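If you want the building blocks of each chain, they are given just below.
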Amino acid sequence: MITLTINGKEVHTPKGSTILEACQQNGIPIPTLCYDPDLRLAGSCRMCLVEIKGRPLYAASCVTPAENGIVVETESPGIVAARKVILELLSARHKFNCQVCEKNGDCKFQDYCYQYGIKESRFIYGEATNYGINDPNPFIERDYNKCIMCTRCVRACEEITAARAINVENRGHHAKISTAFDGNLADSSCLFCGQCVMVCPTGALTSKVSAGLGRAYEVDKVLTTCSYCGTGCTLELNVKNNRVVGVTSNRTATGSPVNKGALCVKGRFGWDFINSPDRLTTPLIKENGQFREAGWDEALDLVAKRLGEVKNEFGPDSMAVFTSARVTNEENYVAQKFTRAVLGTNNVDHCARL
Amino acid sequence: MVNIQNIILSFRDKPGGIIEAFHAVQKEYNYLPEETIAVAAGTFGISEAQAFGVATFYSYLSVAKRGKYVIRMCESAPCHIAGAEALIKAFEEALEIKVGETTADGKFTLELTECVGQCQDTPVITINSVPYVNLDPAQVPAVLALCQ
Amino acid sequence: MTEEKRIVLRNADLINPKKIEDYMQAGGYQGLEKARLMSRSDLIAEIKKSNLRGRGGAAFNCGLKWSFVPTDAPVSYVVCNFDEGEPGTYKDRIIVQKDPQSLLEGMAICGHAVNSKQGYIYCRGEYPYVVELLNLAIDQARGKGLLGDFDIEVRMGGGAYVCGEETALIESIEGHRGEPRFKPPFPGVAGLWAQPTVVNNVETFANLPSIVLNGPEWFAAIGAPNYPGTKVLTLTGDVANRVSIEVPTTATLREIIYDFGGGIKEGKKFKAVQVGGTSGGFIPESLLDTPIDFDSMRGIGATLGTGAVFVMDETRDIVDITTRIAKFFEHESCGKCNPCREGTFRAYEIMKKINNGKAVAQDIENLTILSQVMEKACLCGLGQAAPAPILTTLKHFYPEYQARLQIH
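Chains as they are written, first to last, in the numbering used here: chain A, 4 to 357; chain B, 0 to 147; chain C, 14 to 421.
Derived from the structure by calculation, the hints contain no laboratory data. Please read these numbers as outputs of a predicted model, since none were measured by experiment. Accuracy of the hints is not assured; some may be wrong.
[Said to hold, decoys possible] With a Cα cut of at most 30 Å, we get these calculated BS3-like pairs of lysine-lysine: (1) 366(C) to 98(A); (2) 106(B) to 88(B); (3) 31(C) to 26(B); (4) 111(A) to 196(C); (5) 366(C) to 87(A); (6) 18(C) to 281(C); (7) 196(C) to 157(C); (8) 130(C) to 278(C); (9) 224(A) to 289(A); (10) 366(C) to 97(B); (11) 282(C) to 18(C); (12) 56(A) to 211(A); (13) 408(C) to 97(B); (14) 157(C) to 13(B); (15) 87(A) to 371(C); (16) 179(A) to 366(C); (17) 122(A) to 371(C); (18) 211(A) to 179(A); (19) 13(B) to 179(A); (20) 408(C) to 278(C); (21) 371(C) to 88(B); (22) 365(C) to 88(B); (23) 157(C) to 87(A); (24) 12(A) to 196(C); (25) 64(B) to 26(B); (26) 365(C) to 87(A); (27) 282(C) to 157(C); (28) 179(A) to 26(B); (29) 13(B) to 196(C); (30) 88(B) to 284(C); (31) 88(B) to 157(C); (32) 26(B) to 111(C); (33) 88(B) to 278(C); (34) 371(C) to 284(C); (35) 32(C) to 13(B).
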């Protein structure tokens, strides 16, 4: 263990921890924008700066090792002044339209501006950045006029999804997140998994599918398992007025042990079927070429009867069962058990084997 | 002209050699034609977005088409006080283009640059990387005449 | 009066830089031969004792830096920082153009000290003609078997000033965008391709053959005790003789400008000098008797930096020049960290407003606060040093700013 002093209090942290981790373990809040525990460190937003006694420069706590005996101040006047300047610099390039922004109420940048009282920026000089926001894809809205260049999207794209569709182009103030030749996502290696949306701390990357349907504070978050495939990803249904209006990620290891919030395009954006009027809500039985609604008992009785008739007439091997990767292991187990023990055949297979 | 693919492939075994490969392509073409990015990304095992990010980071590299003669005019402080601005203006007037543009015949491109390390004889320009020093606006026609 | 003292430029104009035989005849590669007879730890101890400090920007003790490379590292690299991009600086070019073998020998000495088999020279993209000379020199040294099992490869930069920062330089050699890394880990532990790496400047390496040959005591006795040896300086701007010189580090700015530079040209008066490149502080007449060694310069809020000496006469417009310098940093910021990416851009915009006579006192206040935060909050030396010209000109030449303000 390492012992250090933070804000006048002696604290302990395991060897190898960063100062940020030491603060988190001890309930000392530190603002961060580029830091993400699941991504490689950048140390670039400089919001997590702290003052270390005897060192002339401020240290980014997310990348600075906690050392024995160091004396750290996390909210000294100098640090607060620096964070304010950084927020004002970002405010000078960030297009505020919080009243219509999807991220309103769920935006780290907005929270920190509120916390540090950034009513206006002292650094609005020169021309404002004005990037086009037209990326004609059905899923991800890209508004780089709100981007604060934390590069979490780039790192998530590389490290979580390995799609490597985006990177930083140009340099300095002209640096921008882009695909090769700054084209549309659809023309890149983007898989539209939306991990970039998941990690974005501002309204620069948002879901087009959920646009206008509800703010983060208006929805109930219902944890469920994605039904698209057998991976079993946890997703968070955003429910407003008893309707699903979006899917977000639960990123905790306990809440989302399989995927830690990472999803694919279907899980994150393909939920509009839930409230579709075309959806089947009762079994249908076809009679004389026409479907009619039926109850579960009636439908199951009919299936059992017909399967029994086929088995008697043509033998069990006249039947086969084909299961799907979109159901769970347990459901697949039950299906093969049913095939062998009830139908009496080994004709059972699975789409993942083909 | 040497095939872009062959140029880039010749750097395949150099770890991190993508910038060297870009230099080599640019030496041949004066800029990085579009296919350079995809070929280099494939050769060095990085994404096209990353290759594009590298190409656009370095001011010496250009992903935009440029003229046969790339004139880069230093505007760092020592050149600045030695009259770089007047020199830049003289080149713009002589070529009838602005900084960042290429003449219609594709012969000249004008660019600004920071220090090129010839500060003993300011102001300085480079034409296709060769420095020309101690210039004054009156010498511009003679300098351009050297580019044939 | 201080006289020129040549260590790194000892062979300049006396040998043909394209002929290794000339270099050998002038005692070349004897330092390396002597170094190879020493154990690694003895060699590092000698360099430490000489108190040779880096001739780049940070003036770190060279031997101490080498000692950070773990003794059991299976692979390590020696990297030469030849990305000199500080405006007004061309001393590394002069050193290499006049005597490339000195650099190679110095790198090979370092290679022996840190048990490295591979060296890289990262040469700025603006010097393709120097790259040719270096490759010729490497071929000659290799051909004569002088480098032994140590090899050297030249890599070209791409026009990015930030790559003079050692970790950005390493990123660039790896084929990436030249964005600085956070430290720790320092390159001595995890540098190029995550292996232990020593990064030194051309001038630092070129000092090594003479130090090994003549002994650390010889070197330590030259110049200022805390920053011994010589410094190659490049005089630019409004000085009568725009020359490059090598002087002991006890030389004062006044001696350099007036004795070596011949004073201000056309008989004008001195106004200011900026030392160490465009990231250096501006120095007024009253501080000209300061010696150039690193610590003395730091003591007056300036830097020795690269040894560029940019002189401005009485007619020069400090606000205009500082505006131009602010544009340089706006252009060269890599964009990785917030305070530098946004700060250099806004600082340039504020300077333009002041320079155009449109600013009020509040603008200067905003610029000052921004500069003070950048100095402490930026990720790398570029952003930390970018405000120095602004803050030092505000300090020493405030009336010039004031005269530009709108009266409200």
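Evaluation of the provided hints:
no., hint, in the structure
1, 366(C) to 98(A), "23 Å, holds"
2, 106(B) to 88(B), "18 Å, holds"
3, 31(C) to 26(B), "24 Å, holds"
4, 111(A) to 196(C), "26 Å, holds"
5, 366(C) to 87(A), "23 Å, holds"
6, 18(C) to 281(C), "29 Å, holds"
7, 196(C) to 157(C), "39 Å, violated"
8, 130(C) to 278(C), "49 Å, violated"
9, 224(A) to 289(A), "38 Å, violated"
10, 366(C) to 97(B), "23 Å, holds"
11, 282(C) to 18(C), "28 Å, holds"
12, 56(A) to 211(A), "47 Å, violated"
13, 408(C) to 97(B), "37 Å, violated"
14, 157(C) to 13(B), "24 Å, holds"
15, 87(A) to 371(C), "26 Å, holds"
16, 179(A) to 366(C), "26 Å, holds"
17, 122(A) to 371(C), "24 Å, holds"
18, 211(A) to 179(A), "21 Å, holds"
19, 13(B) to 179(A), "29 Å, holds"
20, 408(C) to 278(C), "26 Å, holds"
21, 371(C) to 88(B), "24 Å, holds"
22, 365(C) to 88(B), "19 Å, holds"
23, 157(C) to 87(A), "61 Å, violated"
24, 12(A) to 196(C), "26 Å, holds"
25, 64(B) to 26(B), "13 Å, holds"
26, 365(C) to 87(A), "24 Å, holds"
27, 282(C) to 157(C), "53 Å, violated"
28, 179(A) to 26(B), "27 Å, holds"
29, 13(B) to 196(C), "27 Å, holds"
30, 88(B) to 284(C), "28 Å, holds"
31, 88(B) to 157(C), "51 Å, violated"
32, 26(B) to 111(C), "26 Å, holds"
33, 88(B) to 278(C), "26 Å, holds"
34, 371(C) to 284(C), "25 Å, holds"
35, 32(C) to 13(B), "28 Å, holds"
Violated hints, listed in ascending order, are 7, 8, 9, 12, 13, 23, 27, 31; each of the other numbered hints is respected by the structure.
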